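A.B. asks: Each chain, letter by letter, is given below.
Protein chains: 2
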Amino acid sequence: MAESERVDLHVIDLDVLSEASCRAAVDQVVAEQGRLDVVVNNAGMLMVGITEAFAPEQLAQAFDTNAISWLRVNRAALPTMRRQGRGVLVYVSSTTAHIFEPFMGPYVASKAAGEALAEVMGFEVSGFGIESVIVVPGAFTSGTEHFAHAHTPANVSVVAQYGDLPRRAGSMRSRLEAIDAAHGGALDVSAVGDAVRRALDMPHGERPARIVVDAQQKGVEELNALHRAKQAPFFRELGIEDLMAIPQGKR
Amino acid sequence: MAESERVDLHVIDLDVLSEASCRAAVDQVVAEQGRLDVVVNNAGMLMVGITEAFAPEQLAQAFDTNAISWLRVNRAALPTMRRQGRGVLVYVSSTTAHIFEPFMGPYVASKAAGEALAEVMGFEVSGFGIESVIVVPGAFTSGTEHFAHAHTPANVSVVAQYGDLPRRAGSMRSRLEAIDAAHGGALDVSAVGDAVRRALDMPHGERPARIVVDAQQKGVEELNALHRAKQAPFFRELGIEDLMAIPQGKR
Numbered sequence: 092m093a094e095s096e097r098v099d100l101h102v103i104d105l106d107v108l109s110e111a112s113c114r115a116a117v118d119q120v121v122a123e124q125g126r127l128d129v130v131v132n133n134a135g136m137l138m139v140g141i142t143e144a145f146a147p148e149q150l151a152q153a154f155d156t157n158a159i160s161w162l163r164v165n166r167a168a169l170p171t172m173r174r175q176g177r178g179v180l181v182y183v184s185s186t187t188a189h190i191f192e193p194f195m196g197p198y199v200a201s202k203a204a205g206e207a208l209a210e211v212m213g214f215e216v217s218g219f220g221i222e223s224v225i226v227v228p229g230a231f232t233s234g235t236e237h238f239a240h241a242h243t244p245a246n247v248s249v250v251a252q253y254g255d256l257p258r259r260a261g262s263m264r265s266r267l268e269a270i271d272a273a274h275g276g277a278l279d280v281s282a283v284g285d286a287v288r289r290a291l292d293m294p295h296g297e298r299p300a301r302i303v304v305d306a307q308q309k310g311v312e313e314l315n316a317l318h319r320a321k322q323a324p325f326f327r328e329l330g331i332e333d334l335m336a337i338p339q340g341k342r
Numbered sequence: 092m093a094e095s096e097r098v099d100l101h102v103i104d105l106d107v108l109s110e111a112s113c114r115a116a117v118d119q120v121v122a123e124q125g126r127l128d129v130v131v132n133n134a135g136m137l138m139v140g141i142t143e144a145f146a147p148e149q150l151a152q153a154f155d156t157n158a159i160s161w162l163r164v165n166r167a168a169l170p171t172m173r174r175q176g177r178g179v180l181v182y183v184s185s186t187t188a189h190i191f192e193p194f195m196g197p198y199v200a201s202k203a204a205g206e207a208l209a210e211v212m213g214f215e216v217s218g219f220g221i222e223s224v225i226v227v228p229g230a231f232t233s234g235t236e237h238f239a240h241a242h243t244p245a246n247v248s249v250v251a252q253y254g255d256l257p258r259r260a261g262s263m264r265s266r267l268e269a270i271d272a273a274h275g276g277a278l279d280v281s282a283v284g285d286a287v288r289r290a291l292d293m294p295h296g297e298r299p300a301r302i303v304v305d306a307q308q309k310g311v312e313e314l315n316a317l318h319r320a321k322q323a324p325f326f327r328e329l330g331i332e333d334l335m336a337i338p339q340g341k342r
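As given, the protein sequences belong to chains A and B, one line each in that order. At position 187 of the first sequence the residue is numbered 278 (the numbering used here), and the sequence of numbers has no breaks. At position 19 of the second sequence the residue is numbered 110 (the numbering used here), and the sequence of numbers has no breaks.
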């Protein structure tokens, strides 16, 4: 693909669960290229099942892979980006971080955590000319192994005490497919990559805080707009409204 | 206090970081009282500082105390409540889970995670007649040791690279006090306890999903209302709208 598209693509290993690996990967990029323009935080894992039946260690694992990993990767990349006075942090989140759904408790909690972490870090690094974009995909019912690879609860005896609910949880995927059909058909997963590409093509300093890619059209854009409308006056009162945008000189 | 108010108060140890301790505490209550009506998930810790300067282990600690603890306590309490066909889960959250603020990244991420977890578990246990109420306090600038006991970033060398920002982070508390004054004065922390009491006094099945107690009046109620308005039609499409309320027979 890289060859047919004549793209100069270099693949390197990066384990988002290891600080040393994150640092080594960034060091290699900077050593070879002299700079680091963009980081896309895309690693993630799904958990599906009755929340009470997940072990606390499983919830910790969801946080580790889906949220703490973003801090690890950013901590490796930010010193270079801050020195450059420029950079773009992209995150692949989920509409479930905005409209909470049952039957994926640890996943939903970890994605909500990731969104908060990404937005807060975005405020704090904005003064260095570093821009943040959170891509927010809805459910993709095909084209990924997200559902097939989903982790399930460790305590099956608890699941058995939930009557009809586990069966209903199992029917969510086909329900989502029906909703997609009603809204004009499922999106191809390439729509997420396209959204990242679209964000990177925009002029620096003018990228949106979030780009929603949601076949189910759940209305996350409207929630984000109201969120922003409540945040802005509070930030003005706190005297930190400048953190909501890249400074003019750094665009 | 318990004596002067003639309240029959029994204090028992419970370490929210230990599954065994959570289970032992619930077992003791059920052995002595024969039932468990209410759990208030109130334990929490604050972290203040530049997010990039927090070690990944510190973020994991915030998740552990502020969110995973809620799963641990609930996993201990829910088998009894499900058997009873009745119970109330109360959580003490934060407006920062709704309107993200800089300079407390791990805290904000953990509170966002907690809200998501609490709401998802609430849907999944509603059929057992178990009701969930999330109390959402704004910043309390006095009357607690929340700010005095706040954890700070492990990597002070990173903090030093953020120019003026750490000083601005340090001024947030006095800024909040000024906002409180403009909105009619700071609330006493007893307002949070009063909100819990108010929730418990309501008829079963009619408690609100959230009660906001916010001197800064940031508008979280409006965000919650829109959140609910987007959630309801999606849940109807998924065929799970019944999970948004306690069944009539279980009230």
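Bear in mind the hints are in silico, worked out from the structure with no lab data behind them. Certain hints may be false.
Identical copies carry no separate label here, and so any pair may be met within one copy or between two of them.
Under the rule of at most 20 Å between Cα atoms (straight-line distance), these lysine to any residue pairs were calculated in the SDA-like manner [what the hints assert, rightly or not]:
1. Lys341 to Gln119
2. Lys341 to Leu108
3. Lys341 to Val102
4. Lys321 to Gln308
5. Lys341 to Asp255
6. Lys321 to Gly310
7. Lys321 to Glu332
8. Lys321 to Ser248
9. Lys321 to Met263
10. Lys341 to Gly220
11. Lys341 to Val129
12. Lys341 to Met293
13. Lys321 to Arg126
Keep in mind it's a predicted model, so treat the numbers as computed, not measured.
A.B. asks: Would you mind marking each hint as holding or not holding in the structure?
C.D. replies: Results for each hint:
1. Lys341 to Gln119: neither (26 Å within a copy, 60 Å between copies)
2. Lys341 to Leu108: neither (32 Å within a copy, 44 Å between copies)
3. Lys341 to Val102: neither (30 Å within a copy, 57 Å between copies)
4. Lys321 to Gln308: between (23 Å within a copy, 10 Å between copies)
5. Lys341 to Asp255: between (56 Å within a copy, 17 Å between copies)
6. Lys321 to Gly310: both (17 Å within a copy, 6 Å between copies)
7. Lys321 to Glu332: within (12 Å within a copy, 28 Å between copies)
8. Lys321 to Ser248: Answer is neither: 44 Å inside a copy and 34 Å across each miss the 20 Å cutoff.
9. Lys321 to Met263: Classified as between: cross-chain Cα gap 18 Å, same-chain 33 Å, threshold 20 Å.
10. Lys341 to Gly220: Only inside one copy: Lys341 and Gly220 sit 5 Å apart there, 55 Å across copies, limit 20 Å.
11. Lys341 to Val129: Classified as within: same-chain Cα gap 16 Å, cross-chain 53 Å, threshold 20 Å.
12. Lys341 to Met293: Intra 15 Å, inter 54 Å, cutoff 20 Å: intra-copy only.
13. Lys321 to Arg126: Classified as neither: same-chain Cα gap 37 Å, cross-chain 42 Å, threshold 20 Å.
The structure is inconsistent with the numbered hints 1, 2, 3, 8, 13, although it conforms to all the rest.
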